[in-house]
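Novice: In my numbering, the protein residues as written are 7 to 285.
Simulated from the structure, these hints should not be mistaken for laboratory data. Where hints are given, some of them may not hold.
[As the list claims (entries may be wrong)] Estimated spans, in silico, between C-beta atoms of each pair:
#: 1; residue 1: G96; residue 2: G228; range: 36 to 42 Å
#: 2; residue 1: R170; residue 2: D271; range: 45 to 51 Å
#: 3; residue 1: D257; residue 2: R221; range: 16 to 22 Å
#: 4; residue 1: G196; residue 2: A283; range: 37 to 43 Å
#: 5; residue 1: D260; residue 2: L57; range: 30 to 36 Å
#: 6; residue 1: E224; residue 2: L177; range: 25 to 31 Å
#: 7; residue 1: G172; residue 2: S218; range: 22 to 28 Å
#: 8; residue 1: L177; residue 2: G228; range: 17 to 23 Å
#: 9; residue 1: K223; residue 2: I168; range: 47 to 53 Å
[What the hints assert, rightly or not] As a list, the in silico BS3-like pairs of lysine-lysine whose alpha-carbon atoms are at most 25 Å apart:
#: 10; residue 1: K52; residue 2: K146
#: 11; residue 1: K131; residue 2: K111
#: 12; residue 1: K223; residue 2: K146
Heads up, the beta-carbon is just placed ideally off N, CA and C, and yes, glycines get one too.
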Amino acid sequence: MGCGVLIYLYIDIYININNNRIVFERAAKESVEIFHLLFLAQLSRKLDKSLFAVKGGCNLRFFLGSVRYSEDLDLDIQVTAPETLRKKVGGILDGASLRAVLEIKNIAILRVFEPKQTETTQRWKLALRAPGYGEGVQTKIEFSRRGLSEHREVGPVDPLLIRRYGLAPVLMPHYRPEEAFRQKLRALSGRAQAQAQAQARDLFDIALLLDSGVRAKEAIEGFDFPIEEARAAALSLDFSDFKGQVGAYLDPDDLKVYDSPEVWDALVRRVVAQLDAET
């Protein structure tokens, strides 16, 4: 066999391995997303919709058109006692109903842990079986009692996601775009105040919300925000932060849109310009 043939053979093997890796990674992200949606559908039958709201990355992904997958599911809740919520969530995760619909999607709950169950925060960590991942894909469900904002609404999950996964339509309480913007801005500036590493996902989500029509001035008017801290945090994030914290949670076609230092720098400048307009 000639050298040229061997080179083409190795290239073909590399491409196949890389394509398989992409397929498995996408299957893992989709499995987590399907689990989150099916869990929320069950939760909406167990809890009054006026008592909780989906927030964070899942809010943006499921209701506000984000292209970024969310690794975890975060919610705010009020009134419901911790032990009551613990029993309800435990009943859903252990119940035959959720496990049956997951099995149809070739997903299974392998392990469930309860690492934190306090008056303010209740957290469940799970390992899910997903195609190509024998050891399980990790995800987390977290409820917080640090305040349920009134700026929320009950709305349908993005029909594109519902059709993509072949799920039944579901209405869920979630935060409106302006409140989601405020939450992301607090997260970005809060990490800076706490001298913690700023997160590229917060900046990416802020840019997405601005591009979707949220007006920064109107969203934060009447609220006290440390704009300078948020600005500094935004400028501290470079393309390597995007690659590690955001790029891994985009589909390949979406990643192509953002996958260059120039595009990331333009995104940072766009957000900073909006923040500068507020100072």
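Novice: Each hint: holds or not?
Specialist: How the hints compare with the structure:
no., hint, in the structure
1, G96 <-> G228: 36 to 42 Å, "40 Å, holds"
2, R170 <-> D271: 45 to 51 Å, "32 Å, violated"
3, D257 <-> R221: 16 to 22 Å, "28 Å, violated"
4, G196 <-> A283: 37 to 43 Å, "21 Å, violated"
5, D260 <-> L57: 30 to 36 Å, "34 Å, holds"
6, E224 <-> L177: 25 to 31 Å, "27 Å, holds"
7, G172 <-> S218: 22 to 28 Å, "26 Å, holds"
8, L177 <-> G228: 17 to 23 Å, "29 Å, violated"
9, K223 <-> I168: 47 to 53 Å, "34 Å, violated"
10, K52 <-> K146, "19 Å, holds"
11, K131 <-> K111, "20 Å, holds"
12, K223 <-> K146, "33 Å, violated"
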